[in-house]
Amino acid sequence: MFGMGCFWGAERLFWMMPGVYSTQDVCTKGTGHAEVVRVIYNPQLTHFNELLKAFWESHDPTMGNRQGNDIGTQYRSVIFVSTEDQLKSALASRDVFQRALGASRPITTEIRLLTEFFYAEPYHQQYLHKNPNGYCGLRGTGITCSLAEQP
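Residue numbering for the sequence shown follows this note's numbering, starting at -3 and increasing by one per position.
Please note: incorrect hints may appear among the correct ones.
[To be verified] Restraint-style ranges between C-beta atoms, simulated for each label pair:
1) P14 x S78: 29 to 35 Å
2) A88 x P128: 22 to 28 Å
3) I139 x N61: 18 to 24 Å
4) M13 x Y119: 19 to 25 Å
5) H29 x T58: 19 to 25 Å
6) K84 x M13: 18 to 24 Å
The hints are simulated quantities; they were obtained by calculation from the structure and are not laboratory data. Just so you know, even glycine gets a beta-carbon here, dropped at the ideal spot from N, CA and C.
Modelling step: build the complete structure from the supplied sequences, incorporating the hints.
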């Protein structure tokens, strides 16, 4: 699951990727919830690292609790994973992207194992498909995430 600010734009980013079967807008449990996108994909067609690359390159992971005009903890940069292998890959990808950004722009992305989540209301699901001109605050940093550097 990936949180990159408002989940509408993040959902569209991932549903357009080859090998992605389904995306759902969800919120993680608790008062500190985050807007995240649950991405269901075929690992034989899309590697987890491709999802990570799209994540890092498509938003600004240095902004803390904000992305563009969206401000608040629910809009923070976050990756929730379901396996230890995914956790290791996500942490390694963060380190690669941090090197590309440089020390003056520290990444604030939260990366951890997923505990529980709730589906967002139907209104939010595939929102930008239903409203093609709707708001999308996704903006990358212009920096490439070269995951080939991973050990």
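Non-conforming hints, listed in increasing numerical order: 1, 2
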